[in-house]
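Please construct the entire structure, taking both the sequences and the accompanying hints into account.
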Amino acid sequence: MILDRFKLTDQVAVITGAGRGIGAATAVALAEAGADVVIASRTESQLAEVASRVSAAGRRAVPVPVDLSDPAAAAALASTAVAEFGRLDLVVNNVGGTYPRPLLETTAEFMEEAFRFNVATAHALTVAAAPSLVESGGSIVNISSVMGRLSGRGFAAYGTAKAALAHYTRLAAADLAPRVRVNAISVGSVATSALEIVVGNPELKEKMEAATPLHRIGEAEDIAATVVFLASRAGGYVTGKILEVDGGLQTPNLELGLPDLG
Numbered sequence: 001m002i003l004d005r006f007k008l009t010d011q012v013a014v015i016t017g018a019g020r021g022i023g024a025a026t027a028v029a030l031a032e033a034g035a036d037v038v039i040a041s042r043t044e045s046q047l048a049e050v051a052s053r054v055s056a057a058g059r060r061a062v063p064v065p066v067d068l069s070d071p072a073a074a075a076a077l078a079s080t081a082v083a084e085f086g087r088l089d090l091v092v093n094n095v096g097g098t099y100p101r102p103l104l105e106t107t108a109e110f111m112e113e114a115f116r117f118n119v120a121t122a123h124a125l126t127v128a129a130a131p132s133l134v135e136s137g138g139s140i141v142n143i144s145s146v147m148g149r150l151s152g153r154g155f156a157a158y159g160t161a162k163a164a165l166a167h168y169t170r171l172a173a174a175d176l177a178p179r180v181r182v183n184a185i186s187v188g189s190v191a192t193s194a195l196e197i198v199v200g201n202p203e204l205k206e207k208m209e210a211a212t213p214l215h216r217i218g219e220a221e222d223i224a225a226t227v228v229f230l231a232s233r234a235g236g237y238v239t240g241k242i243l244e245v246d247g248g249l250q251t252p253n254l255e256l257g258l259p260d261l262g
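When we follow UniProt numbering, the leftmost residue of the sequence shown carries the number 1, and every step to the right adds one.
Some clues are possibly wrong.
[To be verified] Label-pair distances were calculated between CB atoms; the ranges are:
(1) Arg42 / Ala211: 13 to 23 Å
(2) Gly262 / Tyr99: 38 to 48 Å
(3) Glu209 / Thr80: 34 to 44 Å
(4) Glu196 / Thr9: 20 to 30 Å
(5) Leu256 / Pro202: 32 to 42 Å
(6) Met1 / Tyr237: 32 to 42 Å
(7) Arg216 / Leu3: 23 to 33 Å
(8) Glu196 / Glu113: 16 to 26 Å
(9) Ser79 / Glu209: 35 to 45 Å
(10) Gly236 / Glu206: 39 to 49 Å
(11) Pro202 / Gly240: 22 to 32 Å
(12) Ala48 / Pro102: 35 to 45 Å
These are computed hints drawn from the structure, not numbers from a lab.
Ideal Cβ placement from N, Cα and C applies to all residues, glycine included.
Structure below.
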């Protein structure tokens, strides 16, 4: 049956930034598809709640409370997966994010921090996981952003870092083919903690929805479902691609209101 292609029975995944939002939804979705998971984020209590949901789906979760702004800490998750489960089939580089900031207030240090958190951590885990993924014929899914291809004021650091992650995906896919597939998701506006100020404000939420072709803000499960597709045999002929899961955006759907200079 075609649905069998979406199963991940007895596979093992590492998900970064898995304490809430897209990472948490992805961990649960992968468990529902049959995978065991190593879940990492800063907050132990959030990981415990996600682990409970994974357990309810009949799979095992290994929570790892860690500061993922350190690339070495991200890299160590690959060996954790192998030590706990004896294999590694999937890496989801989800952790990332950078606060908006006006261009002239975006220091070189702020830009470097954005690259470390959004690109260097993904690279470190990718390199550490590669030998196990080659052995299992596994895959990597990187979580990029619509702001990596659209232009909006205030996103010089974040957008540039996410654009770099998207192209890194293409380059890594070439390096790791044919044994390991590498893809990314260009995520649009999704109702996570990063959008709390919008989702909690009916006027802002209505404006954002009206500026989105599908007239709604995305759900974390929209992204999690795409991860399952890319990780499974259903996406087995896809590599080096950036899937745009963004409600149809061609222009930003929220302006920060930054004024002209001068």
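Results of checking the hints against the structure:
A hinted range of 13 to 23 Å for the beta carbons of Arg42 and Ala211 is inconsistent with their spacing of about 32 Å. A C-beta distance of roughly 25 Å is found between Gly262 and Tyr99, which places it outside the suggested range of 38 to 48 Å. For Glu209 and Thr80, the hinted distance range of 34 to 44 Å is satisfied, since their beta carbons lie about 40 Å from each other. The hint said 20 to 30 Å for the Cβ distance between Glu196 and Thr9, and at roughly 36 Å that hint is violated.
In this structure the supplied range 32 to 42 Å is violated for Leu256 paired with Pro202, their Cβ-Cβ distance being about 19 Å. Remark: the range hint 32 to 42 Å for Met1 to Tyr237 is contradicted by a beta-carbon distance near 18 Å. At about 26 Å, the CB distance of Arg216 to Leu3 agrees with the hint of 23 to 33 Å. Between Glu196 and Glu113 the beta carbons are some 22 Å apart, a value that agrees with the proposed interval 16 to 26 Å.
At roughly 43 Å, the beta-carbon separation of Ser79 and Glu209 lies within the given 35 to 45 Å, and the hint holds. Between Gly236 and Glu206 the CB atoms are about 40 Å apart, so this pair conforms to the stated range of 39 to 49 Å. For the pair Pro202 and Gly240, the supplied restraint of 22 to 32 Å is violated, since their beta-carbon distance comes to about 41 Å. Taking 35 to 45 Å as the suggested C-beta distance range, the pair Ala48 and Pro102 conforms, at roughly 38 Å.
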